[in-house]
Amino acid sequence: MKRTLGIGLAAVLLVGVVTAVVLGQDEDEPARLRTVRGVTGSEKLAFFADQRVKDVFAKHGLEVRVDPAGSRQIATATDLGPYDFAFPSSAPAAEKIQRDRKAARTYAPFSSPMVVATFDPIVDLLTKAGVVKPGPGYPTFDVRAYLDLAAKGTRWDQLPGNTSYPARKNLLVTTTDPRDSNSAAMYLAITSFVANGGVVSSPDGEAKVLPAVSKLFLDQGYTQSSTEGPFEDYLSAGMGKTPLVLAYEAQFADRVVRGDSTIRPDMKLLYPAPTVLSKHTLVPLREAGDEVGRLLSGDAELGRLAATFGFRTADPRHFADVVEEKNLTVPQTVVDVVEPPAHETLERMLEAIAKQY
Amino acid sequence: MIRRLVPVVAAAALLAGCSDEADPARPVGDPEPGVLRVLAGSELADLQPVLDEAAKATGVSVKLSFTGTVEGAEKVASGAAEQGFDAVWFSSNRYLELVPEAQKRLGTPAKVMSSPVVLGLPDAKVRELGWAGRRVGWAEIAEAAGARKFTYGMTDPSASNSGFSALVGVAAALSGSGSALDAARVNAVAPQLEQFFSAQTLSAGSSGWLSEAYARRAGGTDPGAGVDGLINYESVLLSLNATLPAPLTLIYPSDGVVTADYPLTLLTSAGEEAREAHRKLSDHLRNADVQRKIMDTTHRRPALPQVQPDAKFTVRDLVELPFPGSQSAVDGLITTYFDRLRRPSRTLYVLDTSGSMQGDRIEGLRQALVGLTGADESLAGKFSRFHGREQVTLLPFSSSARPALKYEVPQDDPRPVLDRIRTTATSLDAAGGTAIYSSLRGGYDVLREQINADPDRFTSIVLMTDGENTGSEGFADFQRFHTTLPQDLKGIPIFPVLFGESATTEMDQVAKMSGGKVFDARSRSLSAAFKEIRGYQ
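So the sequences go chain by chain: A and B.
Residue 1 is where the first sequence starts when you use UniProt numbering, and the numbers rise one by one after that.
Residue 1 is where the second sequence starts when you use UniProt numbering, and the numbers rise one by one after that.
Hints are computed from structural coordinates only; laboratory data are not their basis.
Computed from a predicted structure; not experimentally measured.
The beta carbon of each residue, even a glycine, is placed where N, CA and C say it ideally should be.
Treat the hints with caution; some may be incorrect.
[What the hints assert, rightly or not] Subject to a maximum C-alpha distance of 30 Å in a straight line, what follows is the list of computed DSBU-like cross-link-like pairs (lysine-lysine):
1) A:Lys326 x A:Lys208
2) A:Lys102 x A:Lys152
3) B:Lys125 x B:Lys406
4) B:Lys280 x B:Lys293
5) B:Lys104 x A:Lys54
6) B:Lys312 x B:Lys104
7) A:Lys54 x A:Lys355
8) A:Lys326 x A:Lys268
9) A:Lys268 x B:Lys149
10) B:Lys104 x A:Lys355
11) A:Lys128 x A:Lys215
12) B:Lys56 x B:Lys293
13) A:Lys59 x B:Lys280
14) B:Lys312 x B:Lys293
15) A:Lys355 x B:Lys382
16) A:Lys59 x A:Lys326
17) A:Lys215 x A:Lys133
18) B:Lys149 x B:Lys406
19) A:Lys54 x A:Lys128
20) A:Lys215 x B:Lys63
21) A:Lys268 x A:Lys215
22) A:Lys268 x A:Lys96
23) B:Lys125 x B:Lys104
24) A:Lys102 x B:Lys104
25) A:Lys54 x B:Lys56
26) B:Lys63 x B:Lys406
27) B:Lys382 x B:Lys56
28) A:Lys54 x B:Lys312
29) A:Lys96 x B:Lys56
30) B:Lys125 x B:Lys382
[Unchecked claim] A few chain A residues facing chain B, derived, Cβ under 8 Å:
31) Lys152
32) Ser164
33) Lys169
34) Ser202
35) Asp204
36) Glu206
37) Glu232
38) Leu235
39) Ala237
40) Met239
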């Protein structure tokens with residue numbers, strides 16, 4: 001398998017060289033690149049925009065241009081006509097696209113656990129409220145305890161002894177729109193698991209958990225359709241707007257690696273117990289898109305670069321190196337990870353929630 | 001194919017009533033390299049200097065065309081926006097994203113800056129209310145408003161985002177449940193909301209006009225009654241403060257605000273060049289230096305977390321109130337605002353039905369009025385119909401004024417009265433001369449009587465005429481008459497509509513002397529102008 005990939009890669013490299021030669025470019029002139037267009041979850045935008053990433057693709061004769069969209073939006077609403085590949089942030093969304101578009105295969109080059117990003121004063125409040133607990137080397141967000149608070153419609157200003165954040169709004173994790181976005185679907189995977197006491201796998205299970213999990217979305221009111229939105233709000237508008245935000249670990253890690261001073265010392269990561277992994281999965285829609293998938297999965301340089309954007313890579317060494325080098329406060333291994341429900345189950349639950357808006 | 005297109009285009013041009021004007025679907029032209037055509041909220045006009053610099057730095061020039069909140073959403077949803085624009089730029093995408101047909105046409109957003117909607121009051125008023133040096137919540141603000149301890153101006157929520165945000169904010173905060181609004185929650189707090197809105201004495205279709213009118217009234221150059229404060233963007237209030245003799249103190253409600261975040265959003269239909277232009281422009285606008293420049297010149301908060309907001313933003317960490325999660329909840333809230341919550345309106349239409357109005361013109365007038373009776377089923381049309389509790393008087397005139405036709409739209413079952421207005425409108429006929437000023441003067445007799453019976457209403461006059469005055473009373477006579485009016489009548493704004501061969505200079509003066517505003521219907525339909533005026537009534 002590995003060897004085949006190596007040969008494939010060499011062939012791609014060769015094509016790049018041949019193309020350059022045929023076009024007769026000299027050293028000063030940039031080689032004419034083949035434009036490949038993709039649509040991707042917003043959390044991977046920065047990766048594709050990075051010059052080093054562009055350079056690697058250029059070496060292979062490609063210029064990759066991406067538009068961001070919510071992953072479920074990519075799977076259901078977006079016109080995929082103009083795109084060579086779709087790159088949603090989860091396996092279930094990719095599965096649907098693959099089925100709809102009859103794609104021969106998919107690539108899953110990166111993954112990232114779902115986390116809750118917050119602030120020190122909120123960590124203190126929620127520790128007292130029994131929601132934040134010390135975990136195996138990292139702080140955890142106890143989903144069961146959170147669901148109990150949310151079920152009662154608890155407001156922040158109703159937490160006993162709360163002087164640091166007495167906001168008159170519900171104690172809720174800010175998510176994206178469950179109608180569009182993958183991270184919201186991942187959140188549903190986590191919360192439905194806890195509400196059901198295991199992966200939801202039957203209509204009875206769906207019916208049992210829906211009232212509780214629907215409330216977590218509906219009580220937020222308007223939610224944005226793409227994960228970058230609430231995370232940017234977390235960074236720029238701060239605690240007032242977004243005391244707790246559901247994010248990909250990669251979003252947070254990426255900012256720390258960049259060292260752009262957007263992550264302030266009072267910002268903290270919590271790992272939901274349990275959590276799920278978001279498996280970023282590329283679906284090729286045309287040949288050029290397939291090439292991008294092959295490169296992302298097989299090219300070591302792209303793997304290393306992906307890790308600097310906070311993604312856990314197929315080869316765990318890349319991410320481990322970045323954690324060590326940048327002194328990231330993230331666990332090497334996240335325990336208490338559960339599987340999301342089957343695609344159809346997840347979709348049915350999301351649709352049932354959507355109907356209540 | 002091309003040949004076959006020509007007659008269609010020509011016909012379209014004829015219909016638009018002008019052959020050399022821009023295509024109305026493409027007010028800022030065809031796509032071209034290096035140009036980003038943007039459908040935008042009007043408050044973005046103050047960003048022009050930043051955009052000029054952006055054009056120099058990036059080679060991308062931005063062409064803005066302005067529209068209202070709901071109308072903009074409608075243009076995106078219907079696909080009309082795609083015909084003439086590459087991107088949209090409103091103070092928020094929240095409403096757009098609640099309309100499924102609009103949401104699917106939205107591509108890459110880049111949040112450029114932010115500004116919360118807050119209350120500005122003069123310092124003396126703040127002290128009088130006992131609010132100096134402490135934070136107050138919406139409930140306390142609503143109570144003081146209900147007791148008429150202060151008055152304020154706010155924009156029309158269906159036309160402008162600042163009014164819309166304020167409406168959502170106060171409703172969310174007062175509902176006290178902490179979670180997002182639905183109809184039941186709105187109904188539960190309707191009495192408190194009525195209290196809050198009872199102190200709103202000035203309305204406008206745009207944030208810009210609202211603050212200008214406020215400043216004119218504060219400075220005494222507008223005959224309208226003074227207004228204590230304004231609900232508007234923090235940025236608009238900070239800018240306004242630079243021009244006021246006594247600056248306003250900004251009240252940031254402790255239980256939260258609704259904040260505009262200005263996402264410059266590509267439409268999914270945009271071509272490759274426009275995408276590139278959007279990318280370049282977004283990168284430029286989100287550059288740290290440009291973010292600081294935006295903060296300095298427009299008083300909006302930076303979107304980039306690396307850029308520290310400066311000291312003029314006295315309250316940094318603002319609680320953001322939840323926003324409704326469905327279009328039906330929002331539309332219901334706006335409808336409730338108009339039909340039940342706000343101070344009711346009294347609107348007088350002085351309408352030219354002289355001989356020169358014959359043909360298309362009188363038909364256009366009929367349609368414009370019928371549109372306001374609920375026949376216009378567009379989103380914006382729905383909200384601009386005559387509202388529950390509104391007093392509507394039609395005063396048609398030709399060689400002299402005809403009898404005034406008075407209606408009062410009931411709160412609960414408006415249909416029968418709206419139908420009567422519609423019947424009257426469709427039977428308007430054109431004949432005779434154009435006695436503008438004696439008819440307008442007669443209008444004040446109607447209003448005097450109505451005000452004496454019920455003073456607490458938004459009162460305004462729409463004056464629609466298509467030509468020069470032919471009556472014996474002239475503009476100078478009206479001017480003299482106007483100066484003799486008592487304060488409550490003198491302060492009634494007149495909104496002249498330019499149409500046909502209107503006497504532009506006189507109409508400007510009529511608007512100015514009354515604190516009104518001129519609306520131009522010469523290059524668009526009377527319906528469009530009448531709809532826009534609704535924001536000011």
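Under 8 Å, Cβ to Cβ, is where Ser164 (chain A) needs to be relative to chain B, so tell me if that hint holds or is violated. Violated, because the Cβ-Cβ distance from Ser164 (chain A) to chain B comes to roughly 11 Å (cut-off 8 Å).
May I ask you to test the interface hint for Lys152 (chain A) with respect to chain B, counting a Cβ-Cβ separation under 8 Å as satisfied? violated (11 Å)
Can the restraint linking Lys326 (chain A) and Lys268 (chain A) be considered satisfied, given a maximum Cα separation of 30 Å? Holds, because 16 Å separates the two Cα atoms, which is no more than 30 Å.
Regarding the pair Lys102 (chain A) and Lys104 (chain B), is the alpha-carbon distance no greater than 30 Å? Measuring from Cα to Cα gives roughly 23 Å; hence the hint holds.
Within 30 Å, alpha carbon to alpha carbon, are Lys54 (chain A) and Lys56 (chain B)? Holds - the C-alpha atoms of Lys56 (chain B) and Lys54 (chain A) are around 26 Å apart, at most 30 Å.
Would you mind confirming whether the straight-line C-alpha gap from Lys382 (chain B) to Lys56 (chain B) stays at or under 30 Å? violated (42 Å)
Given the hint that Lys268 (chain A) pairs with Lys215 (chain A), does the C-alpha gap stay at or below 30 Å? Given that 30 Å is the threshold and the Cα spacing comes to 25 Å, the pair holds.
Between Lys149 (chain B) and Lys406 (chain B), does the CA-CA distance stay at or below 30 Å? Measuring from Cα to Cα gives roughly 33 Å; hence the hint is violated.
Glu206 (chain A) was flagged as interface toward chain B. Is the shortest Cβ-Cβ separation under 8 Å? violated (21 Å)
Sort out whether Lys128 (chain A) lies within 30 Å of Lys54 (chain A), counting only the CA atoms. Roughly 47 Å separates the two Cα atoms, so the pair is violated.
Would you mind confirming whether the straight-line C-alpha gap from Lys96 (chain A) to Lys56 (chain B) stays at or under 30 Å? Cα-Cα ~45 Å, so violated.
With 8 Å as the cut and Cβ atoms as the points, is Asp204 (chain A) at the interface with chain B? Hint on Asp204 (chain A): violated, closest Cβ of chain B at ~27 Å, above 8 Å.
In terms of the numbered hints stated before, the structure departs from hints 1, 2, 3, 6, 7, 9, 18, 19, 20, 22, 23, 26, 27, 28, 29, 30, 31, 32, 34, 35, 36, listed from lowest to highest.
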